[in-house]
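A.B. asks: Sequence:
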Amino acid sequence: MTTKRMLVTAALPYANGHIHLGHLVEYIQTDIFVRFQKLRGRRCIYICADDTHGTAIMIRARQEGRPETELIADMQAAHQRDFAGFDIAFDHYGSTNAPENYELCKEIWAKLRHQGLIREADVEQLFDPVAGTFLADRFVKGTCPVCKSPGEYGDNCSKCGATYSPSDLIDPVSTLSGATPEKRSAQHLFVQLEMLHPFLDTWTQSGNHLQDEVANYLKGHFLGKPLRDWDVSRPEPYFGFAIPDSPGNYWYVWFDAPVGYIASTHQWCKLHSERLDDWWRNPETEIHHFIGKDIAYFHTLFWPGVLHASGFSLPTFVHIHGFLTVDREKMSKSKGTQVSAAKYLEHLDPSYLRYYYASKLGPRLDDIDLNLAEFAAKIDSDLVGKVVNLASRTARFVESLGLAQEYPHDGGLFAAGAAAGSKIAEAYEQVDYARAMRLIMELADAANAYVENTAPWTLKKDPNQQVRLQEVCSVVLNLFRQLCVYLAPVLPRLADGCGRLLQSEIRSWQDSQTPLVGTSVSKFEHLMQRVDPGKVQQMIEESKDQTPVTVPNATVPASVAVAETTPAPDEPLQLEPLAPTCTIDDFAKVDLRVARVIKAEEVPEAKKLVKLTVSLGGDVTRTVFAGIKAAYTLQQLEGRLVVIVANLQPRQMKFGLSEGMVTAAGPGGTEVFLLGVDSGAKPGQRVH
Numbered sequence: 083m084t085t086k087r088m089l090v091t092a093a094l095p096y097a098n099g100h101i102h103l104g105h106l107v108e109y110i111q112t113d114i115f116v117r118f119q120k121l122r123g124r125r126c127i128y129i130c131a132d133d134t135h136g137t138a139i140m141i142r143a144r145q146e147g148r149p150e151t152e153l154i155a156d157m158q159a160a161h162q163r164d165f166a167g168f169d170i171a172f173d174h175y176g177s178t179n180a181p182e183n184y185e186l187c188k189e190i191w192a193k194l195r196h197q198g199l200i201r202e203a204d205v206e207q208l209f210d211p212v213a214g215t216f217l218a219d220r221f222v223k224g225t226c227p228v229c230k231s232p233g234e235y236g237d238n239c240s241k242c243g244a245t246y247s248p249s250d251l252i253d254p255v256s257t258l259s260g261a262t263p264e265k266r267s268a269q270h271l272f273v274q275l276e277m278l279h280p281f282l283d284t285w286t287q288s289g290n291h292l293q294d295e296v297a298n299y300l301k302g303h304f305l306g307k308p309l310r311d312w313d314v315s316r317p318e319p320y321f322g323f324a325i326p327d328s329p330g331n332y333w334y335v336w337f338d339a340p341v342g343y344i345a346s347t348h349q350w351c352k353l354h355s356e357r358l359d360d361w362w363r364n365p366e367t368e369i370h371h372f373i374g375k376d377i378a379y380f381h382t383l384f385w386p387g388v389l390h391a392s393g394f395s396l397p398t399f400v401h402i403h404g405f406l407t408v409d410r411e412k413m414s415k416s417k418g419t420q421v422s423a424a425k426y427l428e429h430l431d432p433s434y435l436r437y438y439y440a441s442k443l444g445p446r447l448d449d450i451d452l453n454l455a456e457f458a459a460k461i462d463s464d465l466v467g468k469v470v471n472l473a474s475r476t477a478r479f480v481e482s483l484g485l486a487q488e489y490p491h492d493g494g495l496f497a498a499g500a501a502a503g504s505k506i507a508e509a510y511e512q513v514d515y516a517r518a519m520r521l522i523m524e525l526a527d528a529a530n531a532y533v534e535n536t537a538p539w540t541l542k543k544d545p546n547q548q549v550r551l552q553e554v555c556s557v558v559l560n561l562f563r564q565l566c567v568y569l570a571p572v573l574p575r576l577a578d579g580c581g582r583l584l585q586s587e588i589r590s591w592q593d594s595q596t597p598l599v600g601t602s603v604s605k606f607e608h609l610m611q612r613v614d615p616g617k618v619q620q621m622i623e624e625s626k627d628q629t630p631v632t633v634p635n636a637t638v639p640a641s642v643a644v645a646e647t648t649p650a651p652d653e654p655l656q657l658e659p660l661a662p663t664c665t666i667d668d669f670a671k672v673d674l675r676v677a678r679v680i681k682a683e684e685v686p687e688a689k690k691l692v693k694l695t696v697s698l699g700g701d702v703t704r705t706v707f708a709g710i711k712a713a714y715t716l717q718q719l720e721g722r723l724v725v726i727v728a729n730l731q732p733r734q735m736k737f738g739l740s741e742g743m744v745t746a747a748g749p750g751g752t753e754v755f756l757l758g759v760d761s762g763a764k765p766g767q768r769v770h
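Each number in the working numbering corresponds to the 1-based position in the sequence shown with 82 added.
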């Protein structure tokens, strides 16, 4: 195993608000990556810090009547408490308001000055006459000057991706007071990014540091024209670091915040007697940034340019992820779907969310959807029904016996699982967690089939079958442990529980390659419970903004909905009344079968259709065209069990022959919900 160092960062959370489920996508994604690297034996550290400076902090501290330092200290404690609750294990968590950060900012600034990259100019900036302060980008909203989209912030447009100055907005409004901002002139300092254009062309387009879609986006939108200078200062009043050679000016938060990656590493180095240069000025150290796509421009152009100009190592790779939606909509306080991390932890197991996110996260920038109905079904089916089920159905039978002294013949199951480890590791390495979870669940399916075929509960009843019972349970518990090793980056609590149960701590990825023999088995304790829909509903209700808001057509996911005595006009039964009564003979003509989607493909000529290849078991497959393109990504479809009408007359379409129909509920479009299948069902089984 390589001894190369690996330094991994996630974007620094801003100290002006609490962590919510949308933020957690990134920190969980990064934590999984780091845990995997450590399990593989890499020397890897996870570095983060609170982003503490800016107008927002200053204004809030004024409103609360306390110093900014007290405010940011309280928020940092809250952030770290929330992260710990979700098993996010930073090696060091610092603050951008630290002396190490100030010293590094001065060092980098001096090098940029020396190379002639800094220019000064008077800038007309928006000033809030009510709040008495110049307005940071995020404190101005208005209409995008490029695409004319309303309600956009003052630095970039969420719709078209354009970047601009707040003063460029059409009809700007201060979000601090609601006042119309005034234009006032003040001196600003800029990094002349265009001087670094040749380097950034080479670095971004090398194919080694960014996802292809990001590199192509930068080339098409920014690198084909001169790069705009980046404004890196703000005039007083401002909470931040004063610029030593520019009295009355402060480094803008976007300048000193990323330097916090280095400063927090420096703090870790001091605590562990390490050299900062070994981590930030060493080609043998890999640096991985994980960020959201909303700050891609900054982390792929400005930040690499600054690092290059100041003599620090460049990122080995910048991993960029999409946004989180809840039930296909933006998170909403009025609907209760903008759930804080703390509120979630009051009601639900953090392992649920870690696994659900992992099952959705791939190596691309696709947004992921937290579908609350699917959330409960996936946890119950995959984690409880398939994985934990293996231990719960066998461990109690061998508590007094322990595992067999020699690993029994299992038909090659453990060896197949060990061989799959390389593909699972490759998926983790590529940040394709969704593929890793699919591969792991395929192993879980095979293990559960073994349990069903050997029926240890039957062997338990026969005194003459106790040796065989021990052998069967030893096989199943070793398969369970193998799954726990592979899931350990995602589910550290389950891995710890497995270690306690089998009295052998999971320490390395290599633990998946060798079965345990002869060890004792502890008394079985519940490792995970099914999702309680009532707790999900309570979490949503308690997260709702109590301010009265009229939300047209507001809906609650079916899995957590509370029944109403009087149907609303848009209730499903009102929109689509029950069909005429049929007989059992009529129903028997329809052959419903369980099938597994083994391949999902785009149909370029069709707006609504996807092409599914489904398996009915063995080598029997069918091709089905389904109108679910708006509701599911291809990643979400591959590997899942569905119910199909297997005896439907094949239909020749211009895209190909459709040999069945996938069953689903909902009115169509984005509101399509595939019928799920509980754990234990196998492709080919008939639905009665």
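Treat the hints as calculated values from the structure; they're not laboratory data.
Remember, it's a predicted structure, so these values are computed and weren't measured experimentally.
Errors might be hidden in some of the hints.
[Claimed, not checked] Derived pair list, reagent style DMTMM-like, types lysine to aspartate or glutamate, alpha-carbon separation capped at 20 Å:
id, residue 1, residue 2
1, Lys412, Glu206
2, Lys352, Glu206
3, Lys223, Glu202
4, Lys505, Glu720
5, Lys626, Asp327
[Unchecked claim] Just the calculated beta-carbon pair ranges, DEER-fashion:
id, residue 1, residue 2, range
6, Ala763, Glu276, 56 to 64 Å
7, Arg125, Met735, 32 to 40 Å
8, Lys764, His608, 25 to 33 Å
9, Asp360, Pro232, 46 to 54 Å
10, Lys352, Pro329, 49 to 57 Å
11, Ala498, Gly306, 46 to 54 Å
12, Lys505, Lys617, 51 to 59 Å
13, Glu366, Arg612, 43 to 51 Å
14, Arg612, Asp250, 46 to 54 Å
15, Lys301, Arg363, 26 to 34 Å
16, Arg125, Gly214, 32 to 40 Å
All C-beta atoms in this analysis are idealised placements derived from N, C-alpha and C, irrespective of residue type, glycine included.
A.B. asks: If I claimed the Cβ atoms of Arg125 and Met735 lie 32 to 40 Å apart, would that claim hold in this structure?
C.D. replies: 55 Å, violated
A.B. asks: Within 20 Å, alpha carbon to alpha carbon, are Lys412 and Glu206?
C.D. replies: Since the Cα atoms of Lys412 and Glu206 sit roughly 34 Å apart, the hinted pair is violated (cutoff 20 Å).
A.B. asks: CA of Lys352 to CA of Glu206, is that 20 Å or under?
C.D. replies: Outside the cut-off at roughly 43 Å; violated.
A.B. asks: Hey, Lys223 versus Glu202, does the alpha-carbon distance stay inside 20 Å?
C.D. replies: 26 Å, violated
A.B. asks: Has the hinted range 49 to 57 Å been met by the Cβ atoms of Lys352 and Pro329?
C.D. replies: Since the Cβ atoms of Lys352 and Pro329 sit about 31 Å apart, the hinted range of 49 to 57 Å is violated.
A.B. asks: Please work out if Lys505 and Glu720 have their alpha carbons no farther apart than 20 Å.
C.D. replies: Between Lys505 and Glu720 the Cα gap is close to 16 Å, so the pair holds against 20 Å.
A.B. asks: Please work out if Lys626 and Asp327 have their alpha carbons no farther apart than 20 Å.
C.D. replies: Judged against 20 Å, a Cα distance of about 48 Å means the pair is violated.
A.B. asks: Would you say the C-beta atoms of Lys505 and Lys617 sit inside 51 to 59 Å of each other?
C.D. replies: 36 Å, violated
A.B. asks: Can you tell me whether the CB distance of Glu366 to Arg612 sits inside 43 to 51 Å?
C.D. replies: 47 Å, holds
A.B. asks: Starting from the range 26 to 34 Å, see whether the pair Lys301 and Arg363 falls in it by beta-carbon distance.
C.D. replies: 29 Å, holds
A.B. asks: Is it true that Arg125 and Gly214 lie within 32 to 40 Å of each other by Cβ?
C.D. replies: Taking Cβ atoms as reference, Arg125 and Gly214 lie about 50 Å apart, which means the hint is violated.
A.B. asks: Look at the Cβ atoms of Arg612 and Asp250 and judge whether their distance stays inside 46 to 54 Å.
C.D. replies: 52 Å, holds
Checked against the numbered hints given earlier, the structure breaks hints 1, 2, 3, 5, 7, 10, 12 and 16 and satisfies all the rest.
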